[in-house]
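Visitor: The lines below spell out each chain.
Protein chains: 2
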Amino acid sequence: MSVAPVKFHPRQSVEQVEEGIDLAPKFDDRGLITVVTTDADTGELLMQGYMNAEALSLTINTGEAHYYSRSREVLWHKGATSGFVQTVRELLVDDDQDCVWLRVEVAGGASCHVGYRSCFYRRVPVGSAFEQQHTDGHIDLEWTDTEKVFDPQAVYGDVPNPTIL
Amino acid sequence: MSVAPVKFHPRQSVEQVEEGIDLAPKFDDRGLITVVTTDADTGELLMQGYMNAEALSLTINTGEAHYYSRSREVLWHKGATSGFVQTVRELLVDDDQDCVWLRVEVAGGASCHVGYRSCFYRRVPVGSAFEQQHTDGHIDLEWTDTEKVFDPQAVYGDVPNPTIL
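Protein chains in written order, with my numbering: chain A, 234 to 398; chain B, 234 to 398.
If you're looking for bench data, these hints aren't it; they were derived computationally from the structure. Predicted model, so just to flag it, every value in this text is computed and none were measured. Positions of the beta carbon are idealized from the N, C-alpha and C atoms, including for glycine. Heads up, a few of these hints could be off.
Said to hold, decoys possible - Derived CB-CB ranges, DEER-like: (1) Lys381/A - Ile397/B: 21 to 29 Å; (2) Asp373/B - Gly264/A: 33 to 41 Å; (3) Glu252/B - Glu306/A: 23 to 31 Å; (4) Gln245/B - Glu306/A: 23 to 31 Å; (5) Thr379/B - Lys240/A: 46 to 54 Å; (6) Asp261/B - Arg322/A: 39 to 47 Å; (7) Val318/A - Glu375/B: 20 to 28 Å; (8) Gly342/A - Asp391/B: 28 to 36 Å; (9) Leu398/A - Asp391/B: 27 to 35 Å.
To be verified - Here are the simulated DSS-like pairs of lysine-lysine, each with C-alpha atoms no more than 25 Å apart in a straight line: (10) Lys381/A - Lys240/B; (11) Lys259/A - Lys240/A; (12) Lys259/B - Lys240/B; (13) Lys259/A - Lys240/B; (14) Lys381/A - Lys381/B.
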């Protein structure tokens, strides 16, 4: 696949960044931009990750989601190991261009290394539900999805778990 | 409103964090956790922000979204200035508990300080659309929402713009 380079504009003014047509992303002091990835059909939040400039450029070029793995410190073509490639149907930037929203279709239907469809499979009781549940201020999470789409051991084998305590 | 303190669990093991019922959020070296806020009805991504421990605790207690403003360096009750309060219908955490997902209802229907309904009102052409548009590698953003819900000048007046170049 030929990969034409994407050129980002320098950030010159608030008006340019917020109300213009220039793509002028703000990478933080680690060189990263925040990424929010939702299911293009259901709107479900699948994962939240990061891109460096190379990952953003490759995503725009190829139409497949690329991230930067902070735990492994490498460019990360999502699905390269698991097969769960994310095809980008729409990519949007926010007002100050320090966040990217990917609306994707997921091959195989899974996005979470733990095995669930989404990384967000537990709910925190809020407001009156919190009042009803809490006794000493500690909270019990509520499961919203208990069925794993795949077996992480079978898919990832000995690949180290990315979660950092 | 009485505000009972929320107690977070210490992070002790990957299994506890990923597969347990303990709320054990990971705040980064700035004391912040990433927040993704979507419209509870439409699934639209409204904004991406941050919380410190106090903001997360207040959100859980009150059922209204509180953030930490990095530009203003203050606790931020969303809507305190604009009136666009976000009522949290559901709050979820991700696998490694370093991200919070808020599904909200927004009073007044606006979440973006620029005046749009969502902060994500511009699209980046991806894949074949990028190939068709780009000539020198620069990208023209495409507007997805051109109608402002409110007039930022009327709502915020002289409050400084939060966008940092």
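Visitor: Please name the hints from earlier in the document that this structure breaks, with their numbers sorted from lowest to highest.
Guide: Hints 1, 2, 5, 6, 8, 9, 10, 13, 14 contradicted; others consistent.
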